[in-house]
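Protein chains: 2
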Amino acid sequence: MKFNPPTRILMGPGPSDAHPRVLNAMARPLIGHLDPAFVNMMDDVKSMVQKGFITKNNLTFVVSAPGSAGMETCLVNLLEPGDECIICINGVFGGRMVNIAERCGAKVHKVETPWGEVTKVAQVKKALKACPKPKLVALVHAETSTGALQPLEKISDLVHNAGSLLMVDAVTSFCGVPLMVDKWNIDAIYTGTQKCLSAPPGLSPVSFSKRAVKVLENRKTPVQSWFLDLNLVKNYWAGAKRAYHHTAPVSSIYALHEALSLVMEEGLEKRWKRHQEVHKYLKKNLEAMGFSFIVKPANRLPNLNAVQLPKGIKNEAKVRSQLLNDFNIEVGGGLGAFAGKIWRVGIMGESCTYNHVNALTGALKQIL
Amino acid sequence: MKFNPPTRILMGPGPSDAHPRVLNAMARPLIGHLDPAFVNMMDDVKSMVQKGFITKNNLTFVVSAPGSAGMETCLVNLLEPGDECIICINGVFGGRMVNIAERCGAKVHKVETPWGEVTKVAQVKKALKACPKPKLVALVHAETSTGALQPLEKISDLVHNAGSLLMVDAVTSFCGVPLMVDKWNIDAIYTGTQKCLSAPPGLSPVSFSKRAVKVLENRKTPVQSWFLDLNLVKNYWAGAKRAYHHTAPVSSIYALHEALSLVMEEGLEKRWKRHQEVHKYLKKNLEAMGFSFIVKPANRLPNLNAVQLPKGIKNEAKVRSQLLNDFNIEVGGGLGAFAGKIWRVGIMGESCTYNHVNALTGALKQIL
Numbered sequence: 058m059k060f061n062p063p064t065r066i067l068m069g070p071g072p073s074d075a076h077p078r079v080l081n082a083m084a085r086p087l088i089g090h091l092d093p094a095f096v097n098m099m100d101d102v103k104s105m106v107q108k109g110f111i112t113k114n115n116l117t118f119v120v121s122a123p124g125s126a127g128m129e130t131c132l133v134n135l136l137e138p139g140d141e142c143i144i145c146i147n148g149v150f151g152g153r154m155v156n157i158a159e160r161c162g163a164k165v166h167k168v169e170t171p172w173g174e175v176t177k178v179a180q181v182k183k184a185l186k187a188c189p190k191p192k193l194v195a196l197v198h199a200e201t202s203t204g205a206l207q208p209l210e211k212i213s214d215l216v217h218n219a220g221s222l223l224m225v226d227a228v229t230s231f232c233g234v235p236l237m238v239d240k241w242n243i244d245a246i247y248t249g250t251q252k253c254l255s256a257p258p259g260l261s262p263v264s265f266s267k268r269a270v271k272v273l274e275n276r277k278t279p280v281q282s283w284f285l286d287l288n289l290v291k292n293y294w295a296g297a298k299r300a301y302h303h304t305a306p307v308s309s310i311y312a313l314h315e316a317l318s319l320v321m322e323e324g325l326e327k328r329w330k331r332h333q334e335v336h337k338y339l340k341k342n343l344e345a346m347g348f349s350f351i352v353k354p355a356n357r358l359p360n361l362n363a364v365q366l367p368k369g370i371k372n373e374a375k376v377r378s379q380l381l382n383d384f385n386i387e388v389g390g391g392l393g394a395f396a397g398k399i400w401r402v403g404i405m406g407e408s409c410t411y412n413h414v415n416a417l418t419g420a421l422k423q424i425l
Numbered sequence: 058m059k060f061n062p063p064t065r066i067l068m069g070p071g072p073s074d075a076h077p078r079v080l081n082a083m084a085r086p087l088i089g090h091l092d093p094a095f096v097n098m099m100d101d102v103k104s105m106v107q108k109g110f111i112t113k114n115n116l117t118f119v120v121s122a123p124g125s126a127g128m129e130t131c132l133v134n135l136l137e138p139g140d141e142c143i144i145c146i147n148g149v150f151g152g153r154m155v156n157i158a159e160r161c162g163a164k165v166h167k168v169e170t171p172w173g174e175v176t177k178v179a180q181v182k183k184a185l186k187a188c189p190k191p192k193l194v195a196l197v198h199a200e201t202s203t204g205a206l207q208p209l210e211k212i213s214d215l216v217h218n219a220g221s222l223l224m225v226d227a228v229t230s231f232c233g234v235p236l237m238v239d240k241w242n243i244d245a246i247y248t249g250t251q252k253c254l255s256a257p258p259g260l261s262p263v264s265f266s267k268r269a270v271k272v273l274e275n276r277k278t279p280v281q282s283w284f285l286d287l288n289l290v291k292n293y294w295a296g297a298k299r300a301y302h303h304t305a306p307v308s309s310i311y312a313l314h315e316a317l318s319l320v321m322e323e324g325l326e327k328r329w330k331r332h333q334e335v336h337k338y339l340k341k342n343l344e345a346m347g348f349s350f351i352v353k354p355a356n357r358l359p360n361l362n363a364v365q366l367p368k369g370i371k372n373e374a375k376v377r378s379q380l381l382n383d384f385n386i387e388v389g390g391g392l393g394a395f396a397g398k399i400w401r402v403g404i405m406g407e408s409c410t411y412n413h414v415n416a417l418t419g420a421l422k423q424i425l
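Those protein sequences? They're chains D and V, same order as listed. Here the numbering used here is used: the first residue of the first sequence is 58, the next is one more, and so on. Here the numbering used here is used: the first residue of the second sequence is 58, the next is one more, and so on.
Treat the hints with care, as some may be off.
Note that identical chains are pooled: a pair holds if it fits in a single copy or bridges any two copies.
Here are the simulated DSSO-like cross-link-like pairs (lysine-lysine), alpha carbons at most 27 Å apart as the crow flies [claimed, not checked]:
#1 371 - 190
#2 371 - 59
#3 164 - 277
#4 177 - 291
#5 108 - 368
#6 330 - 190
#7 167 - 186
#8 277 - 167
#9 371 - 103
For the record, the hints were derived by calculation from the structure and aren't laboratory data.
Make the full structure from the sequences, and use the hints.
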């Protein structure tokens, strides 16, 4: 069967546009997952993921499945049946963490915040009174469903004073906004490849602190997933012998290697700044057309812009279809409680350029 | 960082060589995982996977992770804590199924057979006496660690007479040897992309019969994995609304689509025949050099050839290194109990040509 994808301009919640170097990397010939040439390349990937997370964590590697599997990796490895944990929810992905933690048999204490806002230090303090020594406290750094950016430093102090682990979802923040795993004392973190990294979806870079590794080593029960069991996976990614666990997704790792190389060439700080600057321009353009932001400025994610539509637009899905069909531009609709109510406009990685904003703005002016 | 993979000739247990059309497919521009153009392509992938499995099963789709995750998908969805199951072990992958089933809280009855042999009907009959109504009976169709090809039809009758489900690992048999899911009444099956399909590793096509779907619908407990929970995944792959579950690995599915198209263009029967014919030629060449097959002819997999080395070769790893370093040819070593003792020579998909066999034979003659 023939398949020729249209050439889209990707400005939704991911995947974002990929650099031609990243796409072409996947056309390189396959080699074996135990080939010394592949294993050396994995070392480079690991070192670049460490730099992206700004961490020295030795247990830093890439889960062979999308970001949601990275989330599940963190939870199934750190939680055991009967463990207590605190999970902060201000959108779809906090809710997903609760769902997975419950499947691990953990007792979950929820800290709920209205969608579009962020969890406050006082809320975590209160939760730690009700549950003074949870195994872990989990938060979403960048809520992809609402565009809210969660401050983490003060909450991290609280969590560690309680002797707990801090787990963070960084799917939409990695390589787009400041994220400092060691400085902020994050114990378990996962991200995706298809957001600000601008690689194809399908892999989840993760990193675990020494504290998290100790918790893992002291488990009383086996990890419920074989595929995601870090005790096994780490022997392939970090073991001296590179013991076979599963067959690594060779071509996807080529693409990740190239996308990480592009990030390193640009430099993290310059990349963060680019996302801020293009965001300002997008904001000015969207507000001039009557769009309004869901999240207040202090907690607004620059790279994923959740906006309410101008009052005149009754059918948001129709306008999104017009953008896609007539202009090849993809923007995202709302998820969960926000379905049909908002748009999510992504300017992530390769999609974070003035040209992207101008294309979207121009098309919207023609449609509206 | 720069990475330029060497141009290997892949004759190990997978990945096998990929067709240039498959590699180039991944260089196509990314589109969104909810884009109508992508969703239509997924329908084509589903229909070609059905043809590859020779099944009409509606619940046929692709797990967004490698074959081992396909194995875990089958087990976590069909087993609940306390369930009894029978698992036949004649190599590494039967053992892996036991490991996962135990993590599901199931009581596993093992049917063990020496490595290199296949499970006999009488063994399953005996196991069904000790455990007359297991939830499922699982076998490996093509044991990648030993090169044994398991006959399934008679065992399938036994299993269904007991009112149980038949689960099959077809990672190394799919598109390489006859495999008929509907005719053989297989209830749950998974495969990988990097063997006889000759796509890059990273995805796992799966299929479930109506009986399996009924078992899934009548579960009393939640599936322990969120990422692999078919109740959720099926709404994305098969639901009318294509509900978002996780972000699909877009580029890997492009590659799978192209690899499946190549299989359909060749035709399954012609492809099976090609694997048989090239196997005969490989066998003649290897035996002439003093290699001997582990598996007896009746149960020998044509596409993955497990062989003992000629008596003169003391250090098998050294010869494999010479093949890789001096000739760019990869063959596989032994796994588990066979480590250091055998080679696994794959002629799968694009690697199944007379030219591949001649390259290997010639190189070996130069080395030995």
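Subject >> Violated hints - listed by number, lowest first >> reply: As far as the earlier hints go, 1, 2, 4, 5, 6 and 9 are violated by this structure, in ascending order.
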